[in-house]
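Chemist: Chains as they are written, first to last, in our numbering: chain A, 5 to 249; chain B, 5 to 249; chain C, 5 to 249.
What the hints contain is simulated information worked out from the structure, not anything from laboratory work.
Treat the hints with care, as some may be off.
No copy is singled out in the list; a pair is fine if it fits within one copy or between any two copies.
[As the list claims (entries may be wrong)] Below, simulated DSS-like cross-link-like pairs (lysine-lysine); rule was C-alpha separation at most 25 Å, straight line:
id, residue 1, residue 2
1, K235, K11
2, K16, K143
3, K9, K143
4, K143, K226
5, K143, K11
6, K181, K54
7, K98, K9
8, K16, K235
9, K41, K16
Just so you know, these numbers come straight off a predicted model, no measurement behind them.
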Amino acid sequence: MFHAKIKSETLKGIVDVVSTLVDEAKFNINADGFDLKAVDPAHVAMIEMKVENGAFEEFSADETELGVDLDKIKEVLRLARSGDIIEMEQDEEKNRLILNVGNITRRMNLVDISGMSDPRVPNLSLPAMVAVTSDELQKGIRAAESVSDHIALTATPEGFEMYSEGDTDSVTLRLPKDLLISLDCEERARSLFPLDYFSNMVRSIPAGSVVSISLGNDYPVKLEFEIADKKGSVRYLLAPRIESD
Amino acid sequence: MFHAKIKSETLKGIVDVVSTLVDEAKFNINADGFDLKAVDPAHVAMIEMKVENGAFEEFSADETELGVDLDKIKEVLRLARSGDIIEMEQDEEKNRLILNVGNITRRMNLVDISGMSDPRVPNLSLPAMVAVTSDELQKGIRAAESVSDHIALTATPEGFEMYSEGDTDSVTLRLPKDLLISLDCEERARSLFPLDYFSNMVRSIPAGSVVSISLGNDYPVKLEFEIADKKGSVRYLLAPRIESD
Amino acid sequence: MFHAKIKSETLKGIVDVVSTLVDEAKFNINADGFDLKAVDPAHVAMIEMKVENGAFEEFSADETELGVDLDKIKEVLRLARSGDIIEMEQDEEKNRLILNVGNITRRMNLVDISGMSDPRVPNLSLPAMVAVTSDELQKGIRAAESVSDHIALTATPEGFEMYSEGDTDSVTLRLPKDLLISLDCEERARSLFPLDYFSNMVRSIPAGSVVSISLGNDYPVKLEFEIADKKGSVRYLLAPRIESD
Numbered sequence: 005m006f007h008a009k010i011k012s013e014t015l016k017g018i019v020d021v022v023s024t025l026v027d028e029a030k031f032n033i034n035a036d037g038f039d040l041k042a043v044d045p046a047h048v049a050m051i052e053m054k055v056e057n058g059a060f061e062e063f064s065a066d067e068t069e070l071g072v073d074l075d076k077i078k079e080v081l082r083l084a085r086s087g088d089i090i091e092m093e094q095d096e097e098k099n100r101l102i103l104n105v106g107n108i109t110r111r112m113n114l115v116d117i118s119g120m121s122d123p124r125v126p127n128l129s130l131p132a133m134v135a136v137t138s139d140e141l142q143k144g145i146r147a148a149e150s151v152s153d154h155i156a157l158t159a160t161p162e163g164f165e166m167y168s169e170g171d172t173d174s175v176t177l178r179l180p181k182d183l184l185i186s187l188d189c190e191e192r193a194r195s196l197f198p199l200d201y202f203s204n205m206v207r208s209i210p211a212g213s214v215v216s217i218s219l220g221n222d223y224p225v226k227l228e229f230e231i232a233d234k235k236g237s238v239r240y241l242l243a244p245r246i247e248s249d
Numbered sequence: 005m006f007h008a009k010i011k012s013e014t015l016k017g018i019v020d021v022v023s024t025l026v027d028e029a030k031f032n033i034n035a036d037g038f039d040l041k042a043v044d045p046a047h048v049a050m051i052e053m054k055v056e057n058g059a060f061e062e063f064s065a066d067e068t069e070l071g072v073d074l075d076k077i078k079e080v081l082r083l084a085r086s087g088d089i090i091e092m093e094q095d096e097e098k099n100r101l102i103l104n105v106g107n108i109t110r111r112m113n114l115v116d117i118s119g120m121s122d123p124r125v126p127n128l129s130l131p132a133m134v135a136v137t138s139d140e141l142q143k144g145i146r147a148a149e150s151v152s153d154h155i156a157l158t159a160t161p162e163g164f165e166m167y168s169e170g171d172t173d174s175v176t177l178r179l180p181k182d183l184l185i186s187l188d189c190e191e192r193a194r195s196l197f198p199l200d201y202f203s204n205m206v207r208s209i210p211a212g213s214v215v216s217i218s219l220g221n222d223y224p225v226k227l228e229f230e231i232a233d234k235k236g237s238v239r240y241l242l243a244p245r246i247e248s249d
Numbered sequence: 005m006f007h008a009k010i011k012s013e014t015l016k017g018i019v020d021v022v023s024t025l026v027d028e029a030k031f032n033i034n035a036d037g038f039d040l041k042a043v044d045p046a047h048v049a050m051i052e053m054k055v056e057n058g059a060f061e062e063f064s065a066d067e068t069e070l071g072v073d074l075d076k077i078k079e080v081l082r083l084a085r086s087g088d089i090i091e092m093e094q095d096e097e098k099n100r101l102i103l104n105v106g107n108i109t110r111r112m113n114l115v116d117i118s119g120m121s122d123p124r125v126p127n128l129s130l131p132a133m134v135a136v137t138s139d140e141l142q143k144g145i146r147a148a149e150s151v152s153d154h155i156a157l158t159a160t161p162e163g164f165e166m167y168s169e170g171d172t173d174s175v176t177l178r179l180p181k182d183l184l185i186s187l188d189c190e191e192r193a194r195s196l197f198p199l200d201y202f203s204n205m206v207r208s209i210p211a212g213s214v215v216s217i218s219l220g221n222d223y224p225v226k227l228e229f230e231i232a233d234k235k236g237s238v239r240y241l242l243a244p245r246i247e248s249d
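Whenever a hint applies, use it, and build me the whole structure from the sequences.
Modeler: Written out as structure tokens, the structure reads:
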């Protein structure tokens with residue numbers, strides 16, 4: 005059983021973050037809220053999300069798993085205006101999810117979850133941690149996109165740097181310690197990442213968010229931030245690209 | 005003879021409504037204004053329009069018929085700013101229409117009207133009638149577009165409903181009596197329509213208009229509304245799609 | 005040696021005007037500012053530009069020539085917000101240009117200038133001269149674009165006219181003397197031009213500028229205007245298209 009009401013903006017924030025990596029996702033729902041784990045089809049990136057029931061205007065649920073086609077939720081969100089409440093209800097008999105916005109009702113088949121097992125989350129020890137606003141990350145990404153399809157992230161005891169290098173040009177965004185929200189780094193940590201993945205992840209983060217970036221040397225990066233008015237948390241993991249030289 | 009001045013917004017409203025169904029149209033002009041009847045190339049939909057001379061800032065005409073390429077009028081409208089007056093004059097000698105906006109003059113050849121006879125308007129008896137704002141219709145159409153290319157319109161003594169059904173999903177917009185401007189329906193009337201036509205018609209209706217919808221069972225729908233600051237009226241007819249089951 | 009700071013809007017104005025004709029350009033820099041001459045690849049149009057060091061917030065330079073890929077400058081400009089200052093520095097050792105906006109650094113290879121000699125500017129005697137706002141020119145171009153790919157410019161002692169003629173339609177923008185900023189024309193001068201070139205040139209002129217148009221009969225047109233808050237001047241030359249009739 006699942007029946008809930010949620011602000012359209014809150015639902016949009018949740019869907020944007022998940023749909024960056026997958027088109028369909030399994031929401032593990034219980035009385036306290038829901039969580040979700042998913043890996044992108046190329047197995048390069050992972051998302052873990054937890055949202056408590058306080059993120060909803062109304063929430064009542066037994067333990068249940070819902071396989072959802074995220075594009076369909078986006079279609080409904082496009083019908084909502086800012087401030088609209090979206091009502092969601094599971095129709096267990098027909099294996100459907102029913103969404104109401106104003107006087108519109110959308111009934112959608114749920115996705116078969118038999119093949120959607122939760123991925124195992126790797127246990128990583130990442131020595132450096134930087135907290136920065138999502139706006140600064142977005143700036144660095146826009147700069148990088150014109151020169152390369154990779155981006156190197158570097159933390160040092162002095163600050164944080166995003167660097168991209170193409171055949172003829174290079175771009176650096178340098179954030180010294182005083183432009184960071186926090187910095188916890190004893191020695192230099194640097195890894196290279198595919199820019200498209202990193203860019204899509206960062207773009208899905210709500211504007212004005214604080215993002216915690218955990219880094220190692222040629223190791224995955226972990227991005228953590230809050231959504232749903234601090235009633236939900238997201239953790240992205242992105243595999244590094246090992247430099248060949 | 006035809007010479008008139010008209011606000012660019014008013015002319016745009018007229019052209020948008022006609023060009024939804026046809027690229028070229030024959031305007032039947034006389035001293036009182038003009039009327040127009042046209043059928044779309046696939047013979048699925050029809051428009052009847054009447055605009056009185058009071059919709060114009062200035063208007064003087066003898067009885068004449070003008071074949072007009074509507075895209076050319078749109079090109080001129082794109083040069084006008086809100087509040088601009090467009091002057092139109094027939095050049096009988098050269099069989100042209102001359103439009104002036106500010107210090108720009110556009111001369112356009114008229115379209116040959118020898119093959120453009122006025123279509124016969126069918127005499128329909130449609131038992132149900134619903135009046136609703138164009139904004140509600142637009143909402144229902146946007147919701148329907150993501151699940152199907154058909155839309156069913158249903159009037160009952162309790163209200164009005166727009167319903168679309170695809171392979172896996174369905175969408176309903178339900179407008180109970182109190183959300184309608186008026187409802188005149190003794191028994192259920194329901195017909196199915198091609199969504200693209202219905203959508204284009206509804207989108208051409210000026211925002212904030214009241215639309216009268218006349219419905220039968222597996223019968224054409226009639227949409228009626230006013231344009232040109234109530235100095236003009238439009239009647240759309242759309243053929244139903246007969247359901248196979 | 006070249007090191008300068010400039011408002012992003014000013015740099016954008018400079019780049020827009022040059023990139024209308026060429027993708028790469030040679031900037032001839034000295035202590036007083038820079039100048040530039042370039043011909044488009046089809047040899048139909050030419051630009052001469054002069055910008056004094058007062059257009060910059062800071063400027064220090066020895067005589068040097070910089071070959072610049074203008075698209076790369078545009079990429080950096082897209083990272084700047086209105087009011088941002090862009091710092092530019094030549095890295096002579098690596099033959100690079102380094103641009104800084106905020107905490108972003110972009111390093112770009114300079115373009116090989118060995119084949120980029122300054123074109124010879126023809127000495128033209130153009131009898132008519134019209135001064136008009138760029139906004140009026142833009143209006144005339146938008147009107148012309150829907151009927152033809154040529155535009156005729158005509159100056160007479162009474163005013164200035166832009167005229168385009170297609171197979172079925174024609175468009176005129178007529179600017180009588182009192183709508184012009186100045187008019188110096190003893191007898192009618194008329195030439196025909198390719199609309200795409202003329203349109204691109206006019207669109208690159210900052211909104212609200214005054215443009216001096218010098219015209220002859222079947223002769224090139226010269227467009228002159230100021231940029232960089234009157235600290236720079238641009239001269240465009242465009243070859244006529246000789247009418248075949």
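Chemist: Each hint should be assessed against the structure and marked as holding or not.
Modeler: Now for the hints, and whether the structure bears them out:
1. For a Cα distance limit of 25 Å, the shortest separation of K235 from K11 inside one copy, 13 Å, qualifies, whereas the shortest one across copies, 43 Å, does not.
2. Taking the closest pair of Cα atoms, K16 and K143 come within 25 Å of each other both inside a single copy (23 Å) and across two copies (19 Å).
3. Taking CA atoms no more than 25 Å apart as the test, K9 paired with K143 passes between copies only; the shortest distance there is 21 Å, against 35 Å inside one copy.
4. In the homo-oligomer, the alpha carbons of K143 and K226 lie at most 25 Å apart inside one protomer (19 Å), although the nearest pairing across protomers, at 41 Å, exceeds that limit.
5. With identical chains, the CA atoms of K143 and K11 are at most 25 Å apart between copies only, with a shortest distance of 19 Å across copies and 29 Å within one.
6. Taking the shortest alpha-carbon separations for K181 and K54, neither the intra-copy value of 30 Å nor the inter-copy value of 42 Å comes in at or below 25 Å.
7. Taking identical chains as interchangeable, the C-alpha atoms of K98 and K9 lie at most 25 Å apart only when both belong to the same chain, with a minimum of 21 Å there against 60 Å between chains.
8. With identical chains, the CA atoms of K16 and K235 are at most 25 Å apart within one copy only, with a shortest distance of 14 Å there and 44 Å across copies.
9. In the homo-oligomer, the alpha carbons of K41 and K16 lie at most 25 Å apart inside one protomer (18 Å), although the nearest pairing across protomers, at 46 Å, exceeds that limit.
Hint 6 from the list above is the single one not met by this structure.
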